[in-house]
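So the protein lines, in turn, are chains Y and D.
The numbering used here applies: residue 1 is where the first sequence begins, and numbers increase by one.
The numbering used here applies: residue 1001 is where the second sequence begins, and numbers increase by one.
Each hint should be verified, as a subset may be incorrect.
Stated by the list, open to error - Calculated cross-link-like contacts (lysine to any residue; reagent style SDA-like; alpha-carbon spacing at most 20 Å):
| no. | chain 1 | residue 1 | chain 2 | residue 2 |
| --- | --- | --- | --- | --- |
| 1 | D | Lys1041 | D | Ile1372 |
| 2 | D | Lys1323 | Y | Gln71 |
| 3 | Y | Lys56 | D | Lys1041 |
| 4 | D | Lys1362 | D | Pro1076 |
Keep in mind that the hints were calculated from the coordinates and are not lab data.
Quick caveat: nothing in here was measured; it's all calculated off a predicted structure.
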Amino acid sequence: MKEEFKVISKFIEKKSRVLDVGCGDGILMEYLLKNKVVDVRGLEISKEKVKKCLSKGLAVIEGDAENDLKQFPDLSFDYVILSQTLQAFMSPENVIENLLRVGKKVIVTIPNFGHWKVRLDLLLKGEMPVTKNLPYQWYNTPNLHMCTIQDFYNFCNNKRVNIYKSISLNGEKISNITNSNLKYKNLISELGIFLLEK
Amino acid sequence: MSNLNKTKNIIIEKTLKLDCGKEISSFPLAYETYGNLNEKKDNAILIFHALTGDQYASGINPITKKEGWWNYAVGPGKSFDTDKFFVICANVIGGCMGSYGPGTIDPLTNKPIGTNFPVITINDMVNAQYNLLDYLKIEKLFAVAGGSMGGMQVLQFVSNFPNKAKVALPIACTASHSAQNIAFNELGRQAIMSDSNWKEGLYDEKSTNPDKGLAVARMAAHITYLSKQGLQEKFGRNLQERSDLKFGFDADFQIESYLRYQGSVFVDRFDANSYLYITRAMDYFDLTKQYGGNLSKAFKDTKTKFFIISFTSDWLYPTSENKDIVIALNAIGADVGFVEIKTDKGHDSFLLDVPDFLSTIKNYLNTTYSNINERRI
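Excised from the complex, chain Y in its bound form:
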């Protein structure tokens, strides 16, 4: 079980309604169903992955977040999850807006482009960073809009989105991000996990 999913599932209260956007093979959905007894739905763009989910009896629909979130009514879920896909959208701004419309609370995780290894790659080698979490070359990456934890904080401030909880993940180490340690966490976190509210 990924550490990330453990953190996410801790955010979620029992018996709530959850939408997992970009649910992949449905591993998080299954984990939530087992542990939280939630009503959980998934949206996934890959046919192969949707078939896997449906084969497991999960309520997953094929579609992409940029077009298919529209169909969900306002505040129709207690939580909407977006795990490590925000950077791949044409318009992350619109997607976040839609997530906050559909969900009472939104959980977003981002691979942190502010991590020191990423910074070092560009600083020392003068090359676009390739890391464990970001294994792509500049010419084949699906990640159109990389950002740092600091960037995401700034974005939420500008959009008046309330960051309710903020977690740093560095390997298996889980820690809180606060206003006072933000600069430091932006340097050492591989992943940022945020619980948002409009």
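Take the given structure of chain Y and dock chain D to it, following the hints.
What follows is chain D alone, placed relative to chain Y:
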């Protein structure tokens, strides 16, 4: 079709009020079952057939001696695993495989009812079949499933009886027949009605039937069931048992020969008037309108789990129309899964050996059945 007396059927005594206003009672409904109903009676699946289908979904159809129409999907170890599930399939009213239809002999005249048969709807078909569940003493179905017109019946069934089935699988269908759908059906009906043997629908089955018209109707419809790419790959411009064009109107091309064959075998097993009535029922199908323009309302009280499937190359009931159903269900927070299966086999994909499609259904049904039993869902 002289062997029709061999079909399994029940006589429905209860009066059924049809959408056209007329009432029918004491009418036959032919059906077939596969597998066994378990002690808990929780493993029954009702399958609805499409336009030219019948109750013989699996195995060998005893009337036509050919494979059942959903033999790929229904049977031991298959998608609808009859080692595990009790599969029920009935011939729709209006059909011609033993259920009450225009070919039924009117005892007063000793002739087929013909076009004196009332115009029926998908709603009427579903309500008629509901009686079969009472007869088989099944209080709750595990699932309802069907493709094309069968899928329309699934949608209508869940909207009429919101908590009668735990799972619903509408496949390659629509909630509202499009202008294009109606146009193709009208083409088929005109082909039949312009055959001089049709005689306003009062032809006698034993003598001359409007076979030519019915064959043309089938040929035209058959094209709509396939994709352009599928046709091109299978036939291309291949010639039929000849090395060059003959400069005449025989079937020079394989595709012509194929369509003529499809037409000719169809008339042996299908009644022209049934074709008129059933296509009419499809054209009248508009679940969205039935619920005041809001399809979500059709499902508002249901706890049924939906799994909707469409096919990439199906242009008759395209993905967008299947997705409208998904959207309507999501709008009310219903439990819905949806996938579009990649295939070049067109609308007919649901009847064919499309491994992705067949295995996804199988896994979905098996997992969902055990999940429900473990009360995880």
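Under the constraints set out in the numbered hints, which ones does this structure not fulfil? Result: hint 3 breaks, nothing else.
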